[in-house]
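Enquirer: Chains A and B are the protein sequences, given in the same order. The working numbering runs 18 ahead of the 1-based position in the first sequence. The working numbering runs 5 ahead of the 1-based position in the second sequence.
Since the hints were derived computationally from the structure, they do not count as laboratory data. Take these hints with a grain of salt, some might be off.
[Claimed, not checked] Beta-carbon label-pair distances, calculated as ranges:
hint	chain 1	residue 1	chain 2	residue 2	range
1	B	Ala396	A	Ala201	28 to 36 Å
2	A	Pro26	B	Gln194	56 to 64 Å
3	B	Arg407	A	Glu164	30 to 38 Å
4	A	Pro211	B	Ala396	30 to 38 Å
5	A	Pro137	B	Gln319	30 to 38 Å
6	B	Lys55	A	Leu223	52 to 60 Å
7	B	Gln429	A	Ala142	34 to 42 Å
[To be verified] List time: in silico BS3-like cross-link candidates among lysine-lysine, alpha-carbon distance up to 27 Å:
hint	chain 1	residue 1	chain 2	residue 2
8	B	Lys40	B	Lys320
9	A	Lys190	B	Lys289
10	A	Lys29	B	Lys91
11	A	Lys27	B	Lys289
12	B	Lys15	B	Lys77
13	A	Lys282	B	Lys435
14	B	Lys258	A	Lys33
15	B	Lys96	B	Lys195
Each residue gets a CB set at the ideal place from its N, CA and C atoms; glycine is no exception.
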Amino acid sequence: MPVTIEIPKEKWAGKVREVTLGATPAEGGTRARTLTVGGEGTLPFLHFDGAGVAIPHAPALALEVRDRRPDDWSPLLAEAWGEALADPGDWARAAEAAGADLIVLTLSLTQADGSPNTPANAVAVVKKVLAATGLPLAVFGPGQAEKDNELIVPVAEAAKGERLLIGICEDKNYRTIVAAAMANGHLVSSKTPMDVNLAKQLIILIHDMGMPLDRIVMDPTTGALGYGIEYGYSVMERLRLAALQGDSMTQQPMLVTPGEEAWKAKEAKVGEGVPGAWGDWRRRAVNWETLTGSALLQSGADIVVLRHPESLARLKTQIAGLMQA
Amino acid sequence: MPMTGLEIYKLLPQTNCKECGLPTCLAFAMKLASKGAELKQCPYVSEASKAKLEAASAPPIRLVTVAADGHKVAAGNETVLFRHEKTFYHKPGLFIRVRDTEAALAARVAEADAYVVDYVGIKLSVDGFAVEAASGDAARFAAAVSAARGASQRPLILIASDPAVMEAGVKAAAGTQPLLYAADENNWQKMAEVARAARAPLAVRAAGLDKLAALTDNLKKAGLEDLVLDPLARGYGESLAALTQIRRLALKKNFRPLGFPVITFPGEAAGADETVLAGQHIAKYAGFIVLESFDPAMLYPLLTLRQNLYTDPQKPIQVQPGVYEINNPNGDAPVMVTTNFSITYFAVNNEVEGSGWPAWLVVADAEGMSVLTAWAAGKFDADRIAKAVQAAGVEGKIRHKRIIIPGQVAVLSGELEESLAGWQIMVGPKEAVDIPAYLKTMWPRTN
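Isolated chain B (complex conformation):
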C-alpha cells in the first residue's frame, strides 16, 4: 500500500536543507507520495529509512520475468482487479508442456514454436515450453531440456521436484532464465539453492494460502525475491476462489507473502475442459498458464481472448490502415472507406462480406476511433480520407473513380470532391448493418 506524504515525511531527515531541489522536507515528501520525485534526490536519507521507503513503494505483485535468447515473458505488476479500473498490464504467458519421456519431444516443440497466427495485424504465438522431468532421471531430463532448447529459442519452465534433477535441467538451459517449478514443503531449502545459483525465478507450491505464504516467507528469508505461486487449486471453482483471493490480498491488503504472479495448469483438473479453464484463468488472474495440448483450434481463440482482455481500455485495438480486399474484388468493385477502430472495421467488413459483394475497403488512420468520434476529433476529415485513398494505391486497381464514405460523415462530401479531384463521392448508410441493402440498390453487380 503506498505511503502518504506525512508517513514519508517521518522517515526523512527533516532538516529542510533544500538540496533535493524542494523548499522543505515536507514538500519533498509530498512529491514522493505523488511519484513526482525520486528518493535518490535526498543525499541524507538514512539506510533504514531508505529500506522502508523502497519496500513500501515496491509493486504489490512482483514482476517476474522468464527469458531466453531475446524472448521475454513477464508476469505480475498488476494493479487492479477489473480491467476497466485501469488496465491489465502483463499478459499471462502460455506455455506448452512436454515430458522427458516423450520420444517426439523435439518435433512437438518445433511444431508449436513455429506457430504464428495473425489477429488484426498482430502476430500471436505461444510464449514457451514447460519441460517436465517425468522420468525422474537427471541425465534424461537434461537431454530433454537440451532438445527443447535445440528446437526453440523461447523461454522454458523446468518441472522437477527433485532438486538434483532440477539442477541438471538448469545446467542444460544455461544462458537462459527459466522458471523452476517447484519448491514445496519438503524440498524448498535445496530448491532455493538451485534457484539462487541459477539466478532463476522459483515457483512455490502448497495446498492452501496459509501454507503457501509460510513457504514464500521462508524463501524470502533465504534471499529469493522472484517467486511464482501455485496454490494447487485446480478445478473451476477452486481456482477462481484461490486466484481471486491471492489478487485481493496483494492489492487490497498489500500482503507481501502472496504478492507474486500465479502459475496454473488447466489441463490437470479432473473433469474440466482445458480450453474453458484456460480461458477462465486468462480472465481471472493467472500469470503463467501451462497447457497440455498444442492445438491451433484451441490456441487461436485463447490468444485472441488474452489479447482482448489485456487491451488497454483507453487504447482500443486498431486495425492496420491500408486497403482490404473483400470477396475477391475486381476493377468494377466498389471502394468503401472507414476508420481503423477495430470494432468499426469488423462491423463494416462483416456486413460487406456477408452481403457477398466484392469490395475494396480503405481503412484510414483515425487513431483508433469510430467514425463519428474520429470526425468530431478531426481525425477523419477530407484530408485524411484523401491521403488514405491515395496511400492505399486503390486507383490502379479499379476501372471507375467512385468512393463510398460512411453516412455519418456525409458533410465531408463537398470537401472530399476537392481533395480527391476527379472522384465521385457517394454517401453510404449511417449504420454498417444497412450496407448490404445499400450496395444492392446503389452498386448493381457486374461480376
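For reference, chain A alone in the conformation it holds in the complex:
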C-alpha cells in the first residue's frame, strides 16, 4: 500500500534575536570579522520546519583563554595548550588556529605572583589579546561582584567600539557592567541560575536600563554531564520554546559553558584514584566536555564555550552535519 506522509511542521510565532559580536574597522572596532548568532525560527537544527531561512546562523564555538596560566586546570588541558598557557596573546592565537569562532577571555582574581588582579593588568591583557587575534572577543570577570566591576569597567572603556561581550551580569550585580557596556558600545552576558523566570527577569532589568535587546546574550547556567546537566538542558528547552512562542524577553541567544563545568568534574579533571570502569582518562575527559556541549546544542545553545581543542573539533563536525538542511 503506498503511503504518503504529511510531516507535521511547527509554525512558530516568534524567533530568537540576532546578536552580532565584534566590530570591524569600518564599524569602529579592530576585528577582522564579526560573529552573528541567534535568529532561529524553530527548534535546534529542525530545518524541515521552515523554508530554508529558519536557522540563519550555526551555533558558534568559543574557546576560553585566561589572563594568566590557571592554577587549577587539569593537566590534560595544560598538555593540549602547552606553553601558550603562559601568555594570553599566544593562547588566543592558538585558540584561533584551533578553529574557535570567538575567544572568551576570563580574568582571574589574582595575578601570577599571587597579588590581586588590577585594572591596569586587565586592560593590558585585553589589548594584548585584541592584538593577537582578529576574532571577536568576550571578556568576563572572575565572578565576584566587586572585582568584576573593578576590572571590567576599565576594560570596557579601553576597548570602546569593539562590541565586546562583557560580564558577568548577575541579579545582584549588573548595573555597573551594563552601564559600562552601554557607554562604550559593547554587549553584555546575563547570567542566572538554571531558572526560566530568573533568566527572563534579568533580561527585563537590563533592558529597562536602556540596553538594546540586540546587545544582550543570556547564560542560563550549565551543569556538567552527571552533575545536573538535565536541569540546564530542560531550562534551555523551555526558554527556547517560550522564545518561539513569542515571549519577547526570552528571545536572547544562549551562551553556555560546558568547558568550565565539565572540567570541574572529577571524571574530566583527574586520572588517578578513580574507578577502572571510567576508562582511559584522556578519552573520557574529552568525551565528558564534548558530550556536555553536544547535549546543550540539542537544547538550544547559540554560543558554546569550551576548553579543549579536540572537543571544539568534534562539535564543529557535528554542527556542520546538523546544519545541512
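Since the structure of chain A is provided, determine the placement of chain B on it from the hints.
Expert: Relative to the frame of chain A, chain B by itself:
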C-alpha cells in the same frame, strides 16, 4: 489520540443499565476518557466497539521488549517530545555489535558483559549485544549466537538480511526474545514468518518514512505487532530530522504506521563521531542504539547522559544517604552534613575535594531535596540530621565531637545540640562555593 467522553459514549450500548457501577452510560464514558474506569466493567459493549476503543487507547508509541534470562530492555511508550513536559520513560537500550566473522567474539562479549560502572550509587551497564551474520552463513551465524549466549545472559539483537540465516540465529537464541533486524522491501514476507514463529519483535528498515510506513502496514496485516523502525537516516542532520519526524507523527498525529521505537547505528554514519552521534540519539528519540565499539571511556559518559536525561523531572536523582569520605579523612577531619539531593551533594563534595581538606560528609535522607527546600518541607530538621549522624557511625571514626551544618539551616543549631547531646554544632557557609575559605579559617589542618 485519546477519544473524548462523547466519542466513547457513541460506542457504548446507551442503555443506562448501571451494571458498570455508574448511573449512566455517559457518566461511564466520561470516566473512561479520564482513565478512571475500565472498559471491562461494561458487560454489554459490542466486539466492534471494543476493538475501536482498545485501538484508540493504545499508546501512540508501542512498547517493544527484548528479553533474555531475566534481563529485559523495553523501548517505546513515550508520551512527550520534551522531558520537562512529563518525563522520558524507557531509556534507549545500548547494544554492542559483534560479527560472526570475529575470532574473539566470545571474549569481546564477555568483557562488555562484565562492565559495570557506578553513578551516584546506581549500577550502569550495557543492555545487550547485536550479533551480525556478516559471513552470510547460517551455521556460522548460529554458532556465533550460541557463543554470545554462552558469554552473556543479556538480550540479543540478531542482524541478518537472509531469512534462512535469521532462522538459524533465532534457533540458537531459543528461550530468549531477541530483536530481529531487519525486514526490508525484499524479504519482509519471509522475515515476518520467522518473527511470528519465534514470537520475536522485528525491526523494519527502509529509506524514507513513506516506504517505512508502507512496510509496517504490510507487517501489521501479516499479524505482527511488535515492530522497531530503522529509517536508514545515519548522519547527524538526517537522523535528527527523521527521528524527530517519527516522534512528532506518533505523538501529534497518532500516526499508527510509525508508532514504534526507533533503532539507530551511530557507528555507521560516514564522517560522524560515534560517541557524539550516540549522545544525540539518546537526547533525541532513539529506542535502541547499536554501538560498534566497547570502550569504557565512551560508555560511562553515554550511560550517564542517558541516566540524566531520563531522570523524571519531578523526582530528581538522589544520592545514597550515609557517610562519604573525602580526601582520606582521619580522626581529626571535620564532619559536615548535607542533604541527599544529587546536585547539592555534588556541589559540596566538589568544593571540599577541591579545597584539599580531608572531611567526612554525612548525607542525610532529605527525600532528594536541596537544603533550603528540604528544611522548609520538614525533611531536613534536627531530628533527621541527628539520626543521619548516628546511622552513619561517624562517631567511632573521629577524635572530636564537632559537626558543621549548612549555613542555610543555622536556625537548627539550638535544637541539634539537644538531639546530638555532647556535640558542638558549627554553622558553615550558606553556599558551597564558600566552603574552602570557611575550612581554612575554622578548621586549621593537622594532617
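Enquirer: Indicate, hint by hint, whether the structure satisfies it.
Expert: So, going through the hints one by one against the coordinates:
1. Judged by the Cβ atoms, the range 28 to 36 Å given for Ala396 (chain B) and Ala201 (chain A) is violated: they are separated by roughly 58 Å.
2. About 31 Å separates the C-beta atoms of Pro26 (chain A) and Gln194 (chain B), a value inconsistent with the hinted range of 56 to 64 Å.
3. Arg407 (chain B) and Glu164 (chain A) have their C-beta atoms about 32 Å apart, which keeps the hinted 30 to 38 Å range intact.
4. For Pro211 (chain A) and Ala396 (chain B), the Cβ-Cβ distance of about 32 Å falls inside the hinted range of 30 to 38 Å, so the restraint holds.
5. One distance hint, 30 to 38 Å for the beta-carbon pair Pro137 (chain A) and Gln319 (chain B), is violated here, with the actual separation near 48 Å.
6. Checked against the hint of 52 to 60 Å, the pair Lys55 (chain B) and Leu223 (chain A) passes, with Cβ atoms roughly 59 Å apart.
7. With their beta carbons about 49 Å apart, Gln429 (chain B) and Ala142 (chain A) fall outside the hinted range of 34 to 42 Å.
8. Between the alpha carbons of Lys40 (chain B) and Lys320 (chain B) the distance comes to roughly 23 Å, so the proposed pair stays at or under 27 Å and holds.
9. Among the hinted pairs, Lys190 (chain A) with Lys289 (chain B) is inconsistent with the structure: their alpha-carbon atoms are about 36 Å apart, more than 27 Å.
10. As the CA atoms of Lys29 (chain A) and Lys91 (chain B) are separated by approximately 23 Å, the hinted pair is consistent with the 27 Å bound.
11. Of the supplied pair hints, the one linking Lys27 (chain A) and Lys289 (chain B) holds, its CA atoms being roughly 17 Å apart against a limit of 27 Å.
12. Distance check on the hinted pair: Lys15 (chain B) and Lys77 (chain B) sit about 40 Å apart at the alpha-carbon level, beyond 27 Å; violated.
13. At roughly 21 Å between alpha-carbon atoms, Lys282 (chain A) and Lys435 (chain B) fall within 27 Å of each other, so this suggested pair holds.
14. At most 27 Å may separate the alpha-carbon atoms for a hinted pair to count; Lys258 (chain B) and Lys33 (chain A) meet this at roughly 25 Å.
15. A hinted pair counts as satisfied when its Cα atoms are at most 27 Å apart, and Lys96 (chain B) with Lys195 (chain B) does not qualify at roughly 31 Å.
Checked against the numbered hints above, the structure violates hints 1, 2, 5, 7, 9, 12, 15; every other hint is satisfied.
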